[in-house]
Every structure is written in C-alpha cells, then in structure tokens.
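Chain B with the ligands: place on chain A using the hints.
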Amino acid sequence: MSVLIVAPTKREARGVGEKCVALGARDKSIPSLELAIAERKPDTIIIAGVCGGLDPALKKGSLVFARQVEGVGTESTFAPEKMIFESGRRALRSAGLSFVTSKLVTQQNVAVTTTEKLALWNEYGAAGVDMETLPLIQVAEKANIRWLVLRAVIDTASTTLPETLSNWENEEHERGIKLKILQNPSEWKKYLQLAHGLRLALKSLRVGVPIIQKVAEDTVSLDMDILAQ
Amino acid sequence: MGVPLRQALVVAKYLMAQKLRGKKRFPLVLMLEPLYRCNLECEGCGKIQHPEEILNTYLSPEECWEATDECGAPVVSIAGGEPLIHPEIDTIVEGLVQRKKFVYLCTNAILLERWLPKLKPSPYLTISVHMDGMEKLHDAMVAREGVFEKAVKAIRKAKDLGYRVNTNTTVFNDSAPEGMRELFNFLNDDLGVDGMMISPGYDYPKAPNQKVFLNRPEMIKTFETILDSPERKKWRFNHSPIFLKFLQGKKAMQCTAWGNPTRSVLGWQRPCYLMNESYADSFIELMEETEWDRYGFGRDARCTNCMAHCGYEATAVGSMLENPLEGLKAAASTIGGGPSK
Ligand code: SF4
Ligand code: SF4
Chain A
273 MSVLIVAPTK
283 REARGVGEKC
293 VALGARDKSI
303 PSLELAIAER
313 KPDTIIIAGV
323 CGGLDPALKK
333 GSLVFARQVE
343 GVGTESTFAP
353 EKMIFESGRR
363 ALRSAGLSFV
373 TSKLVTQQNV
383 AVTTTEKLAL
393 WNEYGAAGVD
403 METLPLIQVA
413 EKANIRWLVL
423 RAVIDTASTT
433 LPETLSNWEN
443 EEHERGIKLK
453 ILQNPSEWKK
463 YLQLAHGLRL
473 ALKSLRVGVP
483 IIQKVAEDTV
493 SLDMDILAQ
Chain B
48 MGVPLRQALV
58 VAKYLMAQKL
68 RGKKRFPLVL
78 MLEPLYRCNL
88 ECEGCGKIQH
98 PEEILNTYLS
108 PEECWEATDE
118 CGAPVVSIAG
128 GEPLIHPEID
138 TIVEGLVQRK
148 KFVYLCTNAI
158 LLERWLPKLK
168 PSPYLTISVH
178 MDGMEKLHDA
188 MVAREGVFEK
198 AVKAIRKAKD
208 LGYRVNTNTT
218 VFNDSAPEGM
228 RELFNFLNDD
238 LGVDGMMISP
248 GYDYPKAPNQ
258 KVFLNRPEMI
268 KTFETILDSP
278 ERKKWRFNHS
288 PIFLKFLQGK
298 KAMQCTAWGN
308 PTRSVLGWQR
318 PCYLMNESYA
328 DSFIELMEET
338 EWDRYGFGRD
348 ARCTNCMAHC
358 GYEATAVGSM
368 LENPLEGLKA
378 AASTIGGGPS
388 K
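These protein sequences, in sequence, are chains A and B.
Residue numbers for the first sequence follow this note's numbering, beginning at 273 and rising by one.
Residue numbers for the second sequence follow this note's numbering, beginning at 48 and rising by one.
Calculated directly from the structure, the hints in this document are not laboratory data.
Where hints are given, some of them may not hold.
Unchecked claim - Subject to a maximum C-alpha distance of 25 Å in a straight line, what follows is the list of computed BS3-like cross-link-like pairs (lysine-lysine):
| hint | chain 1 | residue 1 | chain 2 | residue 2 |
| --- | --- | --- | --- | --- |
| 1 | A | LYS331 | B | LYS66 |
| 2 | A | LYS291 | A | LYS475 |
| 3 | B | LYS298 | A | LYS331 |
| 4 | B | LYS297 | A | LYS331 |
| 5 | B | LYS268 | B | LYS298 |
Stated by the list, open to error - Label-pair restraints from in silico Cβ distances:
| hint | chain 1 | residue 1 | chain 2 | residue 2 | range |
| --- | --- | --- | --- | --- | --- |
| 6 | B | ASN220 | A | ARG286 | 49 to 59 Å |
| 7 | B | GLU109 | A | ILE417 | 54 to 64 Å |
| 8 | A | LYS354 | B | GLN257 | 18 to 28 Å |
| 9 | A | ARG283 | B | GLU265 | 40 to 50 Å |
| 10 | B | LYS197 | A | GLN410 | 41 to 51 Å |
| 11 | B | GLY119 | A | ASN416 | 25 to 35 Å |
| 12 | A | ARG312 | B | THR104 | 51 to 61 Å |
As the structure is a computational prediction, the values presented were derived from the model and not from experiment.
Note that the Cβ used here is the ideal one computed from N, Cα and C, for glycine as well.
Just chain A, with the same shape it has in the complex (with noise of 0.2 Å):
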C-alpha cells in the first residue's frame, strides 16, 4: 500500500524525515495535497505535525494519534478508518511510545493564551489544536482515500505562547513576526522555551511516523479491492 506523509510546514516535513511533504500555507496546503494525490495515488495519506497542547496531562513531545477531528465552530468531524486506526494504536503501544488517542481540533488561529486553551479544553475534550488538520482531512475524504493524523505537543495547556505568534499565520510570513520578536526581548525566554517544545515534538514524530508509516503500509482496508489494483 502506498503511503503519502505531508506535514503543514517546511520546518515540520524536514524535522519528520526526507519522504514527508510540506504542503505549505494554509490556503496553499489544499491544492498542494491535491496535486501529490494526483501525483502519488496514494492509499492512505498520515497528517503530521505539531500542535498546541489541551489535555493538561500532555507534555511537551507528547503525541496525539487523533482518533477524531473536528472543526472549532463547525459542525464538521471526521474519525479515521477504524482497524488502520487500531493497528496504528497497537504499534505505537508496542514500540513503548508516550501517545494519547485522543480528539484534536483545527481553528484559523494560534491558541496562545491558556484561557483560550481552556475554553477548547472544557468544549471539545481535545487533546491538541492545530490549524490545518481539518482541510487536509477533507481532501483526502473527497479522494476517498483513508487518513491517519499524528501531532506531537509543542506548547502544554499550561504554557501562555507569545503575543506575537496571535498573528502567525504561516511559515513564509515570519519576518515580521521575527522582527518584533527582536524588538520584544521580555518574550524571548517564552521563544526559547517553544523552540525547545518544537526540538521534542520533532523528535517524537521522527520516531513516531515511521511506525504508523509501516502500519498503513501493512494494512488492507476491507473496502480494498487489492485484486483489481
């Protein structure tokens, strides 16, 4: 089975391995996914990236396998296909991972303060927020091909983010967010502190995605028609 590994960012892609695909901004990650689908044909597509933690008992570099996705203010929710979900449970349990199955959320925005992240906390029973998870899902849906989504935490339910960061909107808009951050230096010890979050969140999905990789590689759905490939 043939896999396709995309993660929002450049800086995500490069931190889970070579084989995964930035799918760039936002508005830019649907028609990138749609293009590598058209390109690779995959037969299941595994969401990574980081996300910001909601589950207060998360740490940083914890990781989410989202067993639900919804949509904050949308009716929208997506679940993945139940026995390549399972399988992808029981390796990462196997492998001795720290993992939570849990819900995870898509707003438009960063959630930086912990106020707002208990909001999504009491609401939506999330483990993580992220702001293109959902998007991404329902391309894949349209495709009709199966999903998987592991995030890893780089920033815990406790954690007040940045000010600056309310504004981030995508990797190739940062220089202005970079720029205030330099004018800013009582924020530069919550930077270090989220950079260090990132360097740990990295580092599981580097570990991580392999196993659900070799999973899905693994796994026929049952609606598979493997003789007619």
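Relative to the frame of chain A, chain B with the ligands by itself:
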C-alpha cells in the same frame, strides 16, 4: 476544613514517599465494593444492575483486608451497593481501622442507626452519608419517601455519639443551584457535618432514569452557579480547592483513573470506579496491564460527561506534587471520601 489534620499529614507523607521512590502511578483511595446489593434503587445509579448470583456475592472481611494490603492506599472508601447490608461490615471496618487506614463508610443511612452501636467512633473512620438534596428532591432521587428524614435522624445520632460524619451529594439535572445551596447550609450549619462532598452524576448507561444526567457544559454551569455564593466560604467541603475549580471549568484537568482503584466482588475493576470494562486478578495486574492513557476526557467517549471526584480528585492531589504551593493548600483541605454513584 473537611479533613482532619492527621489524615492530611499521613496522605502528604505518603505522597512524598511515592515521589521519592520515583513511582509514576500509585493509588490514593481504594474504592472497596464488598457487595453490589442495595436496599434502594436510585434514579441515577449504575451499580446495582447485576444478576442475582452477583448481588448475593459478598467479599469476606479477609478479602477486604487483603485487597487493602495489596493496594496500599492510605484511604479506603467502602461503597457498593449498600455496605450496611453486609452482615460483617463492622468487622471489615474494624480491620481497616486497625491497619490505620482512613475509612470512608458510604451509606444511604437507612440502616445506619442500627449499626451505630456496633461501629466504634475513631479518627480513622468517617461515615459518609448519601444526600442528594433537601427532602423532596432527595426522596425523589432515591425513589423512596422517608429516606431523607431517616438519614437526617441517623446523622444527628452519629454526631451525638462522636462519629465523624460527611455527606456525599451527587448533582443531577434536577439539582437546582438554590436547592443545592439550601442543602449545603442545612448540612453544614444545622447538622454540623464534618465535611461535604459533591460530584456530578456519571451517565451510567444502566441507570434506571437516563434523563437525570447533566452533560459536561451543563455540569460546569451548574457548579459555577452553586459555588459562586458568599456562603461558599463557610461550607466545609471535603475536596481540594483545585477540584472545586475544575468543577467550575476554571482549571483544566485530565482524569487519573489509577488514583482510585476499585476492588469489587468481581475483582479489580478496569479502568475505574465508574466503568467496568474488564477485571484484573490482582492489584499489580490492574496497575501494570491497564492501558491507562486510553481513558479520560477526549480519549474515550464514555468519559465525555465524567467530572467525578473518583477520577479527578487524584489529579488535583497530583498537581500538589508538581506545585508545592497549590499542594499545601490542597493538603490543608482534603483528600478522601465517598464515591458518587
Ligand atoms: S446510589 Fe447507592 S444507595 Fe442508591 S441504589 Fe445505588 S448503591 Fe444504592
Ligand atoms: S474520566 Fe471518569 S469514566 Fe473516564 S476513566 Fe476517568 S473516572 Fe472513569
């Protein structure tokens, strides 16, 4: 203060010892269910729907003590069913007190007056009486008239005889905040109970009345309203301040199901007091072979509407180890208590 200083100190010492030993998971309260039989059939109870042969099975005192020794938790909450139906409940309690366990004997109090002469008051024993509301609401929730009156009489008598008495209130969708405040004032001021516990009802699929349960956002709203009261300061809750903040949606917490392991007539129950997915043969098997990370809010759909203290009070106490300042506050206030059925 809902908990005696002696108990707070013993629990704090126990926690420090676990931390020093580098233990990742350890029990705080053993939930002991020596029988499932009950003399009531409360609207929101999911504990008593078992076949007759199971309802007729009781743990012996020796089995109860063995489970307690195996588990090692400093606090034992005896629940059920109705523990006072057990013909040897006094012997069970005595053995646990001898082991210097802080025992919470949970009861609906129907048989309490009869048992009082046989139980000995002790700083290690707390009688925890189920009180879901003032008379009309309580009798409706336990589906029998006269139970409130009987419980009040038994509480007064137990207090007169020198027992430590707590109450345990489960909040359902009929628990109007004003009614709850009236109840807490009554229990606190008129009856002078030593501590009060509150917990939202867990939506047991087997409970006789499925309409009584609140969902999570409703729970948070209800607790915000109940606890947002000037009278709150005088109420002697048997909970850590962190847990009360959690109930009001002001503190994010994940469940710590292993903090309150449950031993029932069927074995060591997985994963928690409220869900019985399977049973382990020993405490060690329960702790080591359960996939604990699979349970909790967001992780398992059955946990969505659970904010019960048997899952979350241990988390509150855990944050005590991570944050000594919060910890001191928590230790000074409480741990222990009865289950919310
Ligand atoms: S809640 Fe307690 S008193 Fe009521 S039926 Fe269940 S076990 Fe009996
Ligand atoms: S959240 Fe509640 S139901 Fe779920 S495991 Fe914890 S105590 Fe049990």
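Hint by hint, here is what the structure shows:
no.	hint	in the structure
1	A:LYS331 / B:LYS66	18 Å, holds
2	A:LYS291 / A:LYS475	15 Å, holds
3	B:LYS298 / A:LYS331	17 Å, holds
4	B:LYS297 / A:LYS331	20 Å, holds
5	B:LYS268 / B:LYS298	14 Å, holds
6	B:ASN220 / A:ARG286: 49 to 59 Å	51 Å, holds
7	B:GLU109 / A:ILE417: 54 to 64 Å	59 Å, holds
8	A:LYS354 / B:GLN257: 18 to 28 Å	26 Å, holds
9	A:ARG283 / B:GLU265: 40 to 50 Å	41 Å, holds
10	B:LYS197 / A:GLN410: 41 to 51 Å	59 Å, violated
11	B:GLY119 / A:ASN416: 25 to 35 Å	53 Å, violated
12	A:ARG312 / B:THR104: 51 to 61 Å	59 Å, holds
Violated hints, listed in ascending order, are 10 and 11; each of the other numbered hints is respected by the structure.
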